[in-house]
Each structure stands twice: as structure tokens, then as C-alpha cells.
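Student: Residue numbers (our numbering), protein chains in the order written: chain C, 564 to 677; chain U, 9 to 123.
Just so you know, these hints were derived from the structure itself, not from any lab.
Worth double-checking, as some hints may not be accurate.
Here's a subset of chain U near chain C, in silico, CB distances under 10 angstroms, partners left out [said to hold, decoys possible]:
| # | residue |
| --- | --- |
| 1 | G11 |
| 2 | S41 |
| 3 | Q45 |
| 4 | Q49 |
| 5 | G50 |
| 6 | E56 |
| 7 | L98 |
| 8 | A100 |
| 9 | E111 |
| 10 | Y113 |
Among the chain U residues that face chain C by a calculated CB cut under 10 angstroms, a handful are [to be verified]:
| # | residue |
| --- | --- |
| 11 | L96 |
| 12 | C99 |
| 13 | G115 |
| 14 | P116 |
Note that the Cβ used here is the ideal one computed from N, Cα and C, for glycine as well.
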Amino acid sequence: KNQVEQSPQSLIILEGKNCTLQCNYTVSPFSNLRWYKQDTGRGPVSLTIMTFSENTKSNGRYTATLDADTKQSSLHITASQLSDSASYICVVSASGNAGNMLTFGGGTRLMVKP
Amino acid sequence: KAGVTQTPRYLIKTRGQQVTLSCSPISGHRSVSWYQQTPGQGLQFLFEYFSETQRNKGNFPGRFSGRQFSNSRSEMNVSTLELGDSALYLCASSLGWSSLNYEQYFGPGTRLTVT
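The following block holds chain U by itself, in its conformation from the complex (with noise of 0.2 angstroms):
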């Protein structure tokens, strides 16, 4: 079974562009959760999706959005790109309705760098 997913590998935006990241959940599995990794804040949660609904979300400024398609595939966008959003985007997907309570398995990530 094909794991997680995550396009684009690397990325190179300017500050003020706005940028959209891909996942593609492991088949079956229906939460999709998002994370920003930097070396000096660890890893830090950005937002849960399960069935197409956002179940919860971590303390980040509006900029940062995502949604959840009928498929289960999950997208986040960042908007108005500052230096201090670049950072490892890693996605995770879970068998059940909640990350809390069932094993994550993680996406390779996107790495986002910000001039």
C-alpha cells in the first residue's frame, strides 16, 4: 500500500506570494492532519481534516488555510508568505476520526523556503 504523499518536494517563494501544498492520504484513510517544522519550534500542528471538516486547529495566523476533498486529499495554503514560514510542511493520515487515538503515518514533506 502506497504511503503518504506530499507535493510539491521543495519549494522557493517570495515573501507576499501565497502558496498551496498537496497530500494524498495512505488509501483508506480519512483524517489528514498538517504540521510546520522549524529547528527552533519543533513540531508544531496547523490543522485537522476528517471527512471534508476541519476538526481542529493550532494557534497560526488566518494566512494559513486548508480544506479536505471528498477523496480524502488534503490541501493547505499559506497566503502572504512571510521569511518566518519557512519550514518543513509535513502531513500525516490516520485510519480513524481523530489523530488522538489512532497511529499517524507521515508524508515525506514539502520543504518551503521563503526569500
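So here's chain C without its partners, still in its complex pose (with noise of 0.2 angstroms):
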């Protein structure tokens, strides 16, 4: 069964400080890994989507990594801001057409405090 699992489930830490969040996946075959961020009462934004190929992918203070051998990625944050508190979400497509192949991780939400 493919499944997304997400580390931890929530965080607090302090505004500058950096965190990394962790999602381990069993969806199989792999097409890509995309992390997103969600904001309270609002949709999902995309932070950065990375392919088999890919092991390293920035977008500003976000930097996410992807080891496809051991199903893992991670979501890197740096030098964190306030306005970085939201839920962050990891999702995994699978390659075919056998119904929709889009898996979400349950998300980890983020609290960064002053």
C-alpha cells in the first residue's frame, strides 16, 4: 500500500533558528516528491517538486533532499520567520495510469516563535 509518513507531526522553535522535517515514503513506482506549504484556512502553495533524479532542490530558505534508495526526503528550513509557521505537507506521485497515484503525507505543523 503506498503510504507517505511525516516527522515530526508538529515543531515549535525559535525565529532564526534553522529545523528539518522528515518524510519517508513506500509509494512505488516513484514519479516525484513535491513538499507544500499550507498556511492556516488557506490552499496549499508549492515549495519545490523533485523528480528521480533530483536529490537537492532550493527554493530561498526552503531546501528539500531526496534519497530515492531509502525513501526519504527532507524539508530544510533556514534561519526560520515568523511567517514560516504553517503546515508543511510532503506528496509523492506514482508513475501509471491506475487511478490516481498522488499520496499526501499527513503534514508537520510548524510554530515559529519570537
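Assembling the complex is the task here: the two chains are given apart, and the hints tell you how they should meet.
Tutor: In C-alpha cells form, the structure reads like this:
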């Protein structure tokens, strides 16, 4: 069964600190992995999307890594800001046409405190 | 370029009623997907449309239905509402034929409350 597990479920850090969010997946066959940021009450916004051949991708202070061998991804946030407080969702896409193959993680809720 | 728009933003219905939600994709996008998001279940896929055809469907009962028009705008309908249908309903559009291989852009969602 395709699954995406994210950890931790929630995280509180101080403004200016770095943090790393984890995503482990068992989706197969793998096509791409996405990280989204979702502010409370709003739709998710894409941060990065990585294919099998990419192992690092950055978007400003956000850097995502992908290890396709161990089926793990991480999202590193550098010099956190109050506006980083949000839920971060990992989504894995499987190749193939047998039904929808987007599998969503449960998300990590990040709170950045001053 | 305008983003994905969803109407209405908030809706309160009573059990047994039906509801129709609307989504206008980004101009030029022809693929539209719908999701239900609840605190307990997270994001769950409802269905995906491309060129007025349903390409994929998630594991939801037949009370949930959708359609796409020739201008790519999409609607979803929920009949015989249940309390458990209270959720944020998100629409996302993609440039390509499938959300699997193309980046998705989400709308702000419609918050449905069933009482």
C-alpha cells in the first residue's frame, strides 16, 4: 500500500533557528516528490518538486533533499521567520495510469515563536 | 495571471441538503482536481478532470460528484450532506493533462460546515 509518513507531527522553534522536516514514503513506482506549505485556512502552495534524478532542490530558505534509495526526503528551513509558521505537506506521485497515484502525508505543523 | 478561484469561500448547510462548489482554474490550465481536507484525515483526493472528462476518482461515496465545462471551470456536488462532510474543499489546477506529472496550483478552498 502506498504511504507517506511525515515527522514530527508538530514542531515549535524560535525565530532565526533552522529546522528539518522528514518525509518517508513507500510509494511505487516513484515519479516525483513535492513539498507544500499551507497556511491556516488557505490552500497549499508548492515549495519544491523533485524527480528521481534530483537529490537537492532549493527555494529561497527552503531546501529539499531526496534519497530515492532509502525513500526519504527532508525539508530544511534556514533562519526561520514568523511567516514560516504553517503546515508542511509531503506529496509523492507514482507513475502509471491505474487511478490517481498522488499520496499525501499527514503534514508537519510548524510554529515559529519570536 | 489570476490564480485558482473557488466560490463560495464559506458555506453552512444542514444535514440532508445538497451543495455545489465551483472552481475556476488558472487561465490555460485544463486539468482540475478536487480534494477534501479534514483535521483527522488530512488531504484526500476526490476526482480529477481534464478536457471535460473525469480521469481519476478517489474512494468517496457516490454522493460526491463533479464535472468540468468546456472553459475548464469545474463544479463538485455533494448530495444528502452528512455531518462528516464538514471540511475544507480544495481545488487545484495543472497546466498539463495530469496532476501526477505537472505542478498543481491550489485555490483558497471552500469551507463547508454541515449542521
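Student: What hint numbers does the structure not satisfy?
Tutor: none
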